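Asker: Whenever a hint applies, use it, and build me the whole structure from the sequences.
So the protein lines, in turn, are chains A and B.
The working numbering puts the first residue of the first sequence at 28, with every later residue one more than the last.
The working numbering puts the first residue of the second sequence at 2, with every later residue one more than the last.
Simulated from the structure, these hints should not be mistaken for lab results.
Just so you know, these numbers come straight off a predicted model, no measurement behind them.
Honestly, I wouldn't trust all of these hints.
The calculated lysine to any residue pairs, modelled on SDA-like cross-linking and capped at a C-alpha distance of 25 Å, are [unchecked claim]:
1. K283/A x A177/B
2. K223/A x A177/B
3. K214/B x S49/A
4. K387/A x E551/A
5. K45/A x T572/A
6. K283/A x L51/B
To give a feel for the contact side, a few chain B residues facing chain A, derived at Cβ under 7 Å [unchecked claim]:
7. R48
8. G56
9. L57
10. G66
11. F67
12. A70
13. E82
14. G173
15. V176
16. S181
We put the beta carbon where it would ideally sit given N, CA and C, even for glycine.
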Amino acid sequence: MATTAALHAHAPQGFIRKYIFSLDHKVIGLQYYFLALVAVFVGMALSLLMRIHMIWPTAVLPLIGEIKPETYLSLLTMHGTIMVFFVLTTAPQGGFGNYFLPIQIGAPDMAFPVLNMLSFWTTFVGFVVLIAAFFVSGGAPLHGWTGYTPLSALPSAGPGEQLGADLWITSIAIFCIASLMGALNFITTTLDLRAKGMSMMRMPLTCWAWFITAILGLLAFGVLLSAGILLLLDRNLGTSFYVPLVVVNGQIMAHKGGSPLLWQHLFWFFGHPEVYIAILPGMGVASQILSTFSRKPIFGYKAMVYAIMAIGLLGFMVWGHHMFMSGMSPYSAFAFSVMTMAIGVPSAIKTFNWLGTLYKGRIRFQTPMLFAIGFVSMFVSGGLSGPFLAQPVLDIPLHDTAFVVAHFHLIMGVAAIFGIFAATYYWFPKMFGRMMNETLGKVHFFATLIGTYCIFMPMHYLGLAAQPRRYSQFTEVAYLHRLIPLNEFITYVAIITVAAQFIFLFNLFWSMKKGAKASDNPWEATTLEWSTATPPPHDNFGGHTPVVNHGPYEYNVPGAPRDYIMQTDPVTAEAH
Amino acid sequence: MATLSPTIAIKDVRPGRGGAGVRPPAGGGGDGPEGGGFSDYGARLRRARLGLIVGLTSVLMIFVGFTSALIFRQGVPTLDERTGQYIHDWLQVNLPIPLLLVNTFILLVSSVTMELARRQVTRQAALAPVRSIPGVSVGDERGFPWLYVTVVLGLGFLAGQWMAWRELADRGFSVATSPSSSFVYLLTGTHAVHLAGGLVALIYSSAAALLHKPVEARRIAVDVTGWYWHVMAFLWIYLFALLWFTR
Numbered sequence: 028m029a030t031t032a033a034l035h036a037h038a039p040q041g042f043i044r045k046y047i048f049s050l051d052h053k054v055i056g057l058q059y060y061f062l063a064l065v066a067v068f069v070g071m072a073l074s075l076l077m078r079i080h081m082i083w084p085t086a087v088l089p090l091i092g093e094i095k096p097e098t099y100l101s102l103l104t105m106h107g108t109i110m111v112f113f114v115l116t117t118a119p120q121g122g123f124g125n126y127f128l129p130i131q132i133g134a135p136d137m138a139f140p141v142l143n144m145l146s147f148w149t150t151f152v153g154f155v156v157l158i159a160a161f162f163v164s165g166g167a168p169l170h171g172w173t174g175y176t177p178l179s180a181l182p183s184a185g186p187g188e189q190l191g192a193d194l195w196i197t198s199i200a201i202f203c204i205a206s207l208m209g210a211l212n213f214i215t216t217t218l219d220l221r222a223k224g225m226s227m228m229r230m231p232l233t234c235w236a237w238f239i240t241a242i243l244g245l246l247a248f249g250v251l252l253s254a255g256i257l258l259l260l261d262r263n264l265g266t267s268f269y270v271p272l273v274v275v276n277g278q279i280m281a282h283k284g285g286s287p288l289l290w291q292h293l294f295w296f297f298g299h300p301e302v303y304i305a306i307l308p309g310m311g312v313a314s315q316i317l318s319t320f321s322r323k324p325i326f327g328y329k330a331m332v333y334a335i336m337a338i339g340l341l342g343f344m345v346w347g348h349h350m351f352m353s354g355m356s357p358y359s360a361f362a363f364s365v366m367t368m369a370i371g372v373p374s375a376i377k378t379f380n381w382l383g384t385l386y387k388g389r390i391r392f393q394t395p396m397l398f399a400i401g402f403v404s405m406f407v408s409g410g411l412s413g414p415f416l417a418q419p420v421l422d423i424p425l426h427d428t429a430f431v432v433a434h435f436h437l438i439m440g441v442a443a444i445f446g447i448f449a450a451t452y453y454w455f456p457k458m459f460g461r462m463m464n465e466t467l468g469k470v471h472f473f474a475t476l477i478g479t480y481c482i483f484m485p486m487h488y489l490g491l492a493a494q495p496r497r498y499s500q501f502t503e504v505a506y507l508h509r510l511i512p513l514n515e516f517i518t519y520v521a522i523i524t525v526a527a528q529f530i531f532l533f534n535l536f537w538s539m540k541k542g543a544k545a546s547d548n549p550w551e552a553t554t555l556e557w558s559t560a561t562p563p564p565h566d567n568f569g570g571h572t573p574v575v576n577h578g579p580y581e582y583n584v585p586g587a588p589r590d591y592i593m594q595t596d597p598v599t600a601e602a603h
Numbered sequence: 002m003a004t005l006s007p008t009i010a011i012k013d014v015r016p017g018r019g020g021a022g023v024r025p026p027a028g029g030g031g032d033g034p035e036g037g038g039f040s041d042y043g044a045r046l047r048r049a050r051l052g053l054i055v056g057l058t059s060v061l062m063i064f065v066g067f068t069s070a071l072i073f074r075q076g077v078p079t080l081d082e083r084t085g086q087y088i089h090d091w092l093q094v095n096l097p098i099p100l101l102l103v104n105t106f107i108l109l110v111s112s113v114t115m116e117l118a119r120r121q122v123t124r125q126a127a128l129a130p131v132r133s134i135p136g137v138s139v140g141d142e143r144g145f146p147w148l149y150v151t152v153v154l155g156l157g158f159l160a161g162q163w164m165a166w167r168e169l170a171d172r173g174f175s176v177a178t179s180p181s182s183s184f185v186y187l188l189t190g191t192h193a194v195h196l197a198g199g200l201v202a203l204i205y206s207s208a209a210a211l212l213h214k215p216v217e218a219r220r221i222a223v224d225v226t227g228w229y230w231h232v233m234a235f236l237w238i239y240l241f242a243l244l245w246f247t248r
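Answerer: Structure representation (structure tokens):
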């Protein structure tokens, strides 16, 4: 076929054009994925160092030496920043979104491939700039991933607040620009490149999640970028947007009249939608996998779509719940509190729909399914502490304790990571043409599930017992003495759980070379990526254009010849 | 028999919307150098415009962030260390109004010339298939170089803004003098950076004409840059008004 030949002729041949500066969304998706993989191991190593320091504050570690209090704060800052930006935002959206959004809607590529390549490489530069903060004089910044002013605005405020903090802000600004370019591409692709028959309401829920996530990113990252520019000006040009009259080490600073709360408002206007940027793609993946492995249509497809939209919309109206401690008016706090609790409604709709999907399903407990169920489990466990923290009267005593650490790690960190794992095990056969090892996958799942619960569940208790967060050293504090054994337990489990991740790493790379050959549709799923070759050709569908005749989750349709109808099956498939 | 004249009105070719089933251009995507026939350019133009709308949303969010910061910061009282009283530190900025008005005029004129350039290339693109028929002549397609005029006016605006900065500094308002002057520099500077981005796109479009790129591809570049340019002009009027009313 002439067109096929022409299309294949477009596939770049040289190594650099094919693997480094590739315009192919699949290669770019993998680049994002592996960047996030490197980042997650860096972030995890930092968290281990923190856990070790918490229980043995004076231990001298090989290569690193003794962790000083300011080093602890640097670890905390870099752990949060790396995980939130370069893992939880990068892997689910940049990685899987890039790889599978065009295929799932039947497009040959993203709308703007050059822009797509630019957004990956911009992200990469952002990561390098961030990591560079470790190696400059003074080291990495101390101000936490939220970068609260005036600490983050004053170079004299601490050792890491000099060049390290400038690099941190620059890295975030670069990441913002990359994310804005990515969001532009995702939105345009979803609106403009859908195949014939792929109406919006026939899109898989993964595509809906990536689409809404892109809209959130488009609106949120611009505001973070503006906040970051103001912070850079405060730090380097002597303006006073954020810094009030302040005395550091007995010296009056030149700044005057700025408001630290301005930073908090701008930051959290981004920061809360960012939570949903991290978790929405996981919700999409969980919906996709629960339906496929229960052999049932997703329960309430439309409700799921509207719930994603509602979560996205409400996500922009609740940023103030991060600032209950700031002395805001009780009326504002009340409004933010009510809006926050309102998010429980669409979240509950999603949760019950997931359970409804499982109910009476012929469930196949393969590794992707286990991680999808694990996602729901983490989402519920982490989500249930949300309504507590949404109330100012409860948030004020709990805010600076380990309770909040438990809450956001379960719902944002671990749940989103489970979404990433589920997506990895689910799409690995399509991406690499081989199956991942099931036994290793299950060992990895149970180790991670039990491990993360053992780490984060006791933290709720630690928080209620008033163990403060962000403190580098508390073993000498009398009232916390009785909490030391529990802290030791958490650290031991953390070490084991981190070790278990090497099972995943081994399985990932071993299966790429030695895994069993995968067929085009090993999970007997319905969406478009399973109707093309494994791995997909350069233009995704080998020169022909898919035509969509069915919804995304038509499992067990009465009268159909098999228990699933693919989206590309002819209309008459039911009548066979 | 119809005669073809340069004022012929030809609507954009719209083969259909995504959901209605359009085959995207071969070769995977929109911004590659390859393209198929005329209809592909229609799809690419539509996609580029959609991308522009989405991209402009993010640009506007940056200015939304700055605007809310300005309103917030203007209302924050500050402690005066000498008197122990809360005061407002928002000094009235002595803006160089005549110069800024001249700049505004230049930018608005450039928006008009940009629009003329956009319509000119749209006409050329519409007539391109006709011109490709052997033996058919529709006259000289080269008109007044509106694109170059726009580039010159855009550079003139940026130079004018630079002069306004110098003037402000001469009047004693540096970036850190007062939050009010900080915002003047911040907003004009960020706007200038965005306008400079538009200028780069314009210069690329002009170069594309010299490099004999297909007129349809040039049309997409000029069209998208044109809309971007208009938005930047409106944005400047908004920022000028904001700075005037909050000075």
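Asker: Each of the hints needs a verdict: does it hold here or not?
Answerer: Hints versus structure:
1. K283/A x A177/B: holds (10 Å)
2. K223/A x A177/B: Violated, because 57 Å separates the two Cα atoms, which is more than 25 Å.
3. K214/B x S49/A: Holds - the C-alpha atoms of S49/A and K214/B are around 24 Å apart, at most 25 Å.
4. K387/A x E551/A: Given pair K387/A, E551/A holds - Cα atoms ~19 Å apart, limit 25 Å.
5. K45/A x T572/A: The hint holds at about 23 Å.
6. K283/A x L51/B: Given pair K283/A, L51/B is violated - Cα atoms ~44 Å apart, limit 25 Å.
7. R48: Holds, because the Cβ-Cβ distance from R48/B to chain A comes to roughly 5 Å (cut-off 7 Å).
8. G56: Holds, because the Cβ-Cβ distance from G56/B to chain A comes to roughly 5 Å (cut-off 7 Å).
9. L57: violated (10 Å)
10. G66: At about 3 Å, which falls below the 7 Å cut-off, the nearest Cβ of chain A leaves the hint on G66/B intact, so it holds.
11. F67: Because about 5 Å separates F67/B from the closest Cβ in chain A, which is inside the 7 Å limit, the hint holds.
12. A70: holds (6 Å)
13. E82: holds (6 Å)
14. G173: With a closest approach of 15 Å, the G173/B hint is violated.
15. V176: holds (5 Å)
16. S181: Violated - the Cβ of S181/B stays beyond 7 Å from chain A, reaching only about 11 Å at its closest.
Hints 2, 6, 9, 14 and 16 from the list above are not met by this structure, while the remaining hints are.
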